[in-house]
Structure formats: C-alpha cells, structure tokens
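Q: Next come the chains, spelled out residue by residue.
2 protein chains.
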Amino acid sequence: GSYRTQPPPPPPPSRDQTTPMAAAASSLLAAAASSSSRAAISVRRPRAASAAAAAAASIPSSSRTSFTPLRASPARALRSRVVASAAPAMEPPAVSRVSTVVDVDLGDRSYPIYIGPGLLDEPDLLQRHVIGKRVLVVTNTTVAPLYLEKVTWALTHQNPNVSVESVILPDGEKYKDMDTLMKVFDKAVESRLDRRCTFVALGGGVIGDMCGFAAAAFLRGVNFIQIPTTLMAQVDSSVGGKTGINHPLGKNLIGAFYQPQCVLIDTETLNTLPDRELASGVAEVVKYGLIRDAPFFEWQEKNMAAILAREPSALTYAIKRSCENKAEVVAQDEKESGLRATLNLGHTFGHAIETGLGYGEWLHGEAVAAGTVMAADMSYRLGWIDESIKKRTFDILDQAKLPVTPPKGMTVEKFKNIMAVDKKVADGLLRLILLKGPLGGCVFTGEYDRKALDETLRAFCDN
Amino acid sequence: GSYRTQPPPPPPPSRDQTTPMAAAASSLLAAAASSSSRAAISVRRPRAASAAAAAAASIPSSSRTSFTPLRASPARALRSRVVASAAPAMEPPAVSRVSTVVDVDLGDRSYPIYIGPGLLDEPDLLQRHVIGKRVLVVTNTTVAPLYLEKVTWALTHQNPNVSVESVILPDGEKYKDMDTLMKVFDKAVESRLDRRCTFVALGGGVIGDMCGFAAAAFLRGVNFIQIPTTLMAQVDSSVGGKTGINHPLGKNLIGAFYQPQCVLIDTETLNTLPDRELASGVAEVVKYGLIRDAPFFEWQEKNMAAILAREPSALTYAIKRSCENKAEVVAQDEKESGLRATLNLGHTFGHAIETGLGYGEWLHGEAVAAGTVMAADMSYRLGWIDESIKKRTFDILDQAKLPVTPPKGMTVEKFKNIMAVDKKVADGLLRLILLKGPLGGCVFTGEYDRKALDETLRAFCDN
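Residue numbers (our numbering), protein chains in the order written: chain V, 67 to 529; chain E, 67 to 529.
Think of the hints as simulated: they come from the structure by calculation, not from any bench. One thing to keep in mind: the hints can contain errors.
Copies of the same chain look alike in the list, so a pair counts if it works inside one copy or between any two.
Stated by the list, open to error - With a cut-off of at most 25 Å between alpha-carbon atoms, the simulated DSS-like pairs for lysine-lysine come out as follows:
1) 317 to 199
2) 368 to 240
3) 480 to 401
4) 253 to 240
5) 199 to 401
6) 253 to 401
7) 457 to 240
8) 199 to 467
9) 317 to 249
10) 456 to 199
11) 474 to 517
12) 474 to 457
13) 216 to 249
14) 249 to 456
15) 467 to 457
16) 240 to 480
17) 199 to 249
18) 253 to 467
Model the full assembly from the supplied sequences, consistent with the hints where possible.
A: Written as structure tokens, this is what we have:
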C-alpha cells in the first residue's frame, strides 16, 4: 500500500513561475491542437485527494522545504502505519506527491514517467511496477552512498516478500563497456534471478544505458525500472528506450531498444548533483525548445536562474516539458528512422568535440552546448534563421554557464575528419540538424551549402 | 533477378515416401482443422512455372543427382544469363527449386523458411532478403571451408553492389561466450557497417544463436538471415528467434528474442554432416511427433532409414514438418509463457546429462534422446500412456542409433541435484514435459507423483 506522509508541495512561489506556468498551459494546448491523430502523450493530473489524504495533510511537514535527504527511520515507518490505520477503507491509496505524470505512448510497451520532489519517499510508486519478488539495483560508486539505502527502503517498505540485490559499478563513461556489463550478469546469475525479476537503474545516463541493456539481454529480457539521478538522464537518456554500451571503437554501438516499466524522477536527487553536471543537462533542455517548442524556450529564457538555483517547481516543469517533447518524438519514431534524429541538434559538432578531446574531458552536455551554438551559427549563415535566434541560442547557453565555443585544439581539420565517420553520414553526405524558420523549427538534412559549414568551422576554430 | 538453371527435383522415388506423403497431407488438414482462429502457419506451393521456367527445364541437369557441391563458375553464370535473356518479359522470376516454404507468422516479424536441395544455388532467394549493400557472414572454422565461398557467390552473383565480409569463429559450444561474440562486433565495427547491413549466420546452432544475438545488439538491431547447416539447427534452433550466448555459470542466459528476415535451408549441406550430428538432429524431429503430431511420428517410423540415408525428399519432408510444428508453437507463444515449454520434452533429463558429463561429451540431441526415453518411461509409470507408446519411443530413437539410456556415472543423486536448479523450477517444484493420452499428446506440469520420477531415475541409473 501507499501512504501519505507529507503535505502537497506549495504552489509556485514566485512571480517568475506564475507567468511561465500560464505559458506552459497555452503551450500544452497548442501542442494538443497541433498533434497528429495519434496522440503521443497525455498529462495526467494526480487523483483527487481523498478524505484520508486531506486528513494526512494536517500532519506537519518534516523536511519538505529543506533539501536534507529523507531517511527511512522507524519513526517514519510508524507514522505511515498510523495514517494507514486511520483510514482503513481508503482504496486505492492516494498518490500524494506525484504532481506530474508523462505517459510515453508506445502501444503495449507504454509506460509512465513520474516527476516530482520526494517521489522516493513514496514506496507504492516503485512497488506497483516491480514484477516478481527479486530486484537487482544497478548503480555506481558515486550514487550508491547517496541513494541506494533509500531506494532499497522504497522497494521493501511494508513489502517483506521482495528481496533486493545490488551491484555497484565504477562511475564513468569509460566503464560503459562489455567487461563492466558482465559484472551485472555475474551478479544476476550468482543471485539465481529468474525471468520474474526486476532490474532497477539508479544513477545517470551510463547506469541507465547499461542496466537497460542488461535487462534486455538477461534471460532474453526481464523487467526494468529507471531512477535517473542526473538532469541529463532525467530529461534525455532515460526516456525513449535506447540502451547499450560502447565498443572500443565507438559509442553506443552495442545495445537494444528496450522500454522500462516506468521512469521515476525524484527531483530532490538533483540536490546532490554538482553544478557542472546540472548545467550539462540544461543543454538538452534548451535543445527541446530550439527544435520544436518555442513557448518552452521562452519559458527557459525567463526561468534559467530558477533552474540553476534548483527551485523545485522550476526543475519539475523543465523536466516535465522535456520528457513530453522527447516522448512525443519517440512515440512517432521509436527506432529513429527520421524525426528522432532531430533530437541530435548540436550533437554532431558535440560528438566531434568529445572524440577530439578524449571522452571524459568535457561533459556530454558541455560539448552539445558548444555544438548547438555552432549549428545555430551555420543555420544563420545559410539564411535559414534570423540573427535574433542565433543570439538567443548563444545567450541562454551562456547564461547556463555552458561552453559556447569548442575547446582549444579543435581545428577545422579535426572537426572534418571526425564528422566524416558520423553515424548520420549516408552515401558520403554528412546530414546535420539545423535550425530553420521561426523559433522552434529545425530540419535534418544533407542538402546545404558546404561553404556555410566551412565558414562556421573557421569562425569557431583556432587555425 | 533469379534464374532457373536446374530441373525440379524428381517426385518421391520410393513407395516408402508415397504413403507418408498422404499421411502428411491428412496431418496438415487435421492441423488446419484444429488450429485456433489465429492461423499460425501456411504452406505455400511454389509459384506456377512460367513459360521461361518450362523452357529452362529442358536444360540438362548438371549436378542435381550427385552430391558434388556446385561451384560458381563463369560457365554457370553465362548460362544463367542466357536463360534470363531468353525470357526478358518474365516477371517476377520463377523460383524453381523451392519446393517448400514454411511461413512463421509473427505479425510484422513474420518470415519464410525455404527448404530444399540446392537452394544455395539460387542467388535470388538470398538476395531478396538482403537489406543494404553490406553483408557480414558469421561462420566457423568447420563450415567456412565447405560453404563460405558458395554463400558469398550466392550473395554477390549478378549483384555487384553488395560487398561481403566474413568472420570465422572457432567451432564448438565452449566458444558460445562473450569473448567470441565480441569478435563479431569487432569485425562489424572495423568494417564500418551501418544500420543498413545484413548479418548472415552460416553454420549450426551455436553460430545461429551468436550471430542472431550480434545482429540484435549491433547498432541496436540490424537485419539477419539464417543459413543453418546442421539438422539440429534446421529443425529446431534456427526457428523461433531465440538467440544468445552462455554465461560461465549457465547456458543461454544472455540473449534476445530476435527474428530473422528468412531462414534458408539447403538440404544438400547435410551431405557434409557427420552421421552422429545427423542423428542428434533426428532426436528433435522425433520430439515433434511425440508432443503434437502423431501422423508425423508414424511417417518417421516408416522412413527412418531414408532419413538416415539422407534421401533428399525424406530430409526435406522431415525438416518441413518439424519447422511447421515449431512455427505453430512459436506463433502461439513467442516468449515461452507456456505452450513453448512443451518443445523441451526430454530436455530436463537431457540437460542434466549434458551438465553432469560436461558439455561437449555428448551432443545435445544424444542427451535429449536418452532424456526422451526417460520421460516416456516416467509417463508410463504414471499411467499416462500405454506401453506401446513407451516402446515405440524407445524403438525409433534406437533405430536412429541414438543413446536410449544415460551414460555411466549419472547417478540418481546427480540427476536430482542438477535438475533442482532447472529454469523450469517454480517455487521449488520441478515441472516436466511428459507424454499423456494417445500418441501426440503431452503436458507441461509440476503435478505428478514424485515416486514415478524416483522409479524412473533408479531404473535408468547405475546405483
């Protein structure tokens, strides 16, 4: 069962967030009006508060307004039970804190994304998506000390039938390889997990990609839940079912399309995220505005300070709208035959930077930010956007303290050599995602004047 | 295009095969009458011979009646072209040698199984299922010297746009591991294959399983064709989409359900198969009769000598009817939630033998044969079948020169210990596939008298 132990989050506190919420509402209406006959996503409101929930709301808030992580304590468990016994007839239990659910519509592989502060304090949310009695949590050496105990509590609270194993991998993109993946299989086999088990990814994009691929391949497919703990994973890599590992000669070359049972985004996990990692995720948030959602971009322009200050309602909205945008694209093009490629705005230049520098020097979002500025510059040189869009792209990324030029050492030659082996090259033609038309428009094309690409590279590179 | 260079195979030559063909027809009718509303398979006849095909039939047979492998020669290519130019208006080209096609009905993942002698001499058959211009053939050190050149010819004949790479793995179950799988990815990455490429599995079950999983995971999924060259692979492992590798602690623990574009079974490849390997495949053929197809079992009783003598029409029929049975089961239960488990008749005892002996001592089908006799014995002790079915099971496997008792050293204790960790154990209960009722009936159940199991083990084991 699920029990309500905290009052609902306060309404948006600042004027900054009142305006954008209205903008968001109209954006949503516009999206609904313009969507194709296949409705890609829907936004569910939480269930109406029951009498029990209303009663529970009178319990004083404990740590809702501070960022101290909640711990599973006997006192806490007791209070939950008291609330539960005070309302024995409450059925189904109210899910108090889930202010936002985004549904990813993929037919019989559809699943919800829960977004909000404190969701890991709601055991029912996780437990309803666990299949079988055995859970394997896959996490890393950085995240385990912060959240593994809490996730284990959420999985097992008042649920003694479930047993939880965990495997803690080394942290970092360089461990996203077959040897590290085998450690997940080793643990699963040694624990004698059978087909009715659930893998839980607890961490950033690397953990989500590896755990997802392990879940896809273990016994030819077991259940899988994502708990992304970085903004990058929350707004991008945890949504859409791309899983996999790197090959020594290239990123993400081995993997599967595999969808989770649910994605649970507790925005409070961002409170332990370094500033640089937070900004890296912001680069992908900005991307959604630029490629398909002008009102969202305008909201970001007004609220970047609130995002960077980790205001809960600003983070929740930024994540929600990002997930909605990604879910819409993925629902229309799960296997990336066309539309999904537009999610790679800035990524071709960005991957060249990552490869040229050596992976790990710059964060992914940092490379994407510089790449996005370059894509906007090239789009402007082609005459496809006006100067104000180019400038606003630069300004918003600069405001997020993200790099807006490639690093020293990235020469024109280096860019060209690396981009020539990009996955999006077809018949020798490099296809790029470029901005076109009014704010929120883009194209994925190989038909552009080569001169503009040369000029952009020369303008941004040292030599 | 496809060109006819050989006359059709002769009609069934012996009386032995006239009777069973009639039996087969009635079996098919029975299957059709008893099938659910979802038609699982259909048997297609080849397209009606065109005028051009009829003309081509007058060209003298070259090596149809002998078992000498055909080689790609300039003369052969020339003749093909002559036939083609003699019938420029022929559209679509006739596929002369495909006497049998079994369709595996899996919605948008449906695919055909082509069965017959000399199919590798029909370039069009393979080429119509190749997607993209790049092909990677995955084979092993035993099969490559026999058929790699021929398959490469079939892929490229009059098709200069296609380039073929190959990777030759060491032969044997012990190489069905992650390290060997990485060699396939290495070759694919080094060859810079993109998403529009096709992997071809050329070999037995190990090659099919590994190549299939590599195709499922490379770039999250590329096209895949199976060319099984052992009877075991042709009648069982190539059909149904189970792919994967072994973990050091267990067989087939890492993999994917991944369906090919087509399965091409050239029965002439069985001419290079050792007798022991041929018999191993027969164990699975016998299984289909026992679990669901009495007329097929009766046909086998009359034709076992012809199968073991590798008579082309007997082999083709045995393979076709096996594939049909497997396709029907898989179409109803792709992910093995129940019905598909019945395909494991004899396999629980058999796996115990394989594990107890150490993999590689006995061939898979040899262990299954002894296991099938044990399952029949236990079914008889339970009173579920009459003695004649038990005896016929023993006799047909004995006639195929397969083992009908477990090897020395397999004690009752050893069987019990190994079977206790079988994948089909649920809540401590060992579920078995057992024969029940008239010939062709079976059950998958954990509800049986434990005493019968003990008696069977004691009757078959040394101590």
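Q: Could you run down the list of hints and mark each one as holding or not?
A: Structure-based check of each hint:
When the C-alpha separation of residue 317 and residue 199 is checked against a cutoff of 25 Å, the pair qualifies only between copies, where the shortest distance is 23 Å, while the shortest distance within a copy is 34 Å. Taking the closest pair of Cα atoms, residue 368 and residue 240 never come within 25 Å of each other, the shortest separation being 37 Å inside a single copy and 61 Å across copies. Taking the shortest Cα distances, residue 480 and residue 401 never come within 25 Å of each other, neither inside one copy (30 Å) nor across copies (47 Å). Taking the closest pair of Cα atoms, residue 253 and residue 240 come within 25 Å of each other both inside a single copy (20 Å) and across two copies (21 Å).
Proximity of residue 199 and residue 401 under a CA criterion of 25 Å is satisfied inter-copy only: 20 Å between copies versus 32 Å inside one chain copy. In this assembly of identical chains, residue 253 and residue 401 lie within 25 Å of each other by CA distance solely across copies; the values are 24 Å between and 30 Å within a copy. Taking the shortest alpha-carbon separations for residue 457 and residue 240, neither the intra-copy value of 35 Å nor the inter-copy value of 60 Å comes in at or below 25 Å. In this assembly of identical chains, residue 199 and residue 467 lie within 25 Å of each other by CA distance neither inside one copy nor across copies; the values are 45 Å within and 45 Å between.
Both within a single protomer and between protomers do residue 317 and residue 249 lie at most 25 Å apart by alpha-carbon distance, with minima of 20 Å and 17 Å respectively. For a Cα distance limit of 25 Å, the shortest separation of residue 456 from residue 199 qualifies neither inside one copy, at 53 Å, nor across copies, at 40 Å. Proximity of residue 474 and residue 517 under a CA criterion of 25 Å is satisfied intra-copy only: 23 Å inside one chain copy versus 78 Å between copies. Taking the closest pair of Cα atoms, residue 474 and residue 457 come within 25 Å of each other only inside a single copy of the chain (22 Å); across copies the shortest separation is 81 Å, beyond that limit.
In this assembly of identical chains, the alpha carbons of residue 216 and residue 249 lie at most 25 Å apart only when taken from the same copy (23 Å versus 41 Å across copies). With identical chains, the CA atoms of residue 249 and residue 456 are never at most 25 Å apart, being 46 Å at best within one copy and 46 Å at best between copies. When the C-alpha separation of residue 467 and residue 457 is checked against a cutoff of 25 Å, the pair qualifies only within one copy, where the shortest distance is 15 Å, while the shortest distance between copies is 81 Å. Proximity of residue 240 to residue 480 under the C-alpha cut-off of 25 Å is restricted to the intra-copy arrangement: shortest distance 22 Å within a copy versus 44 Å between copies.
Taking the closest pair of Cα atoms, residue 199 and residue 249 come within 25 Å of each other only inside a single copy of the chain (21 Å); across copies the shortest separation is 36 Å, beyond that limit. Proximity of residue 253 to residue 467 under the C-alpha cut-off of 25 Å is found in neither arrangement, the shortest distances being 40 Å within a copy and 42 Å between copies.
This entry does not satisfy hints 2, 3, 7, 8, 10, 14 and 18, going by the numbered hints stated previously.
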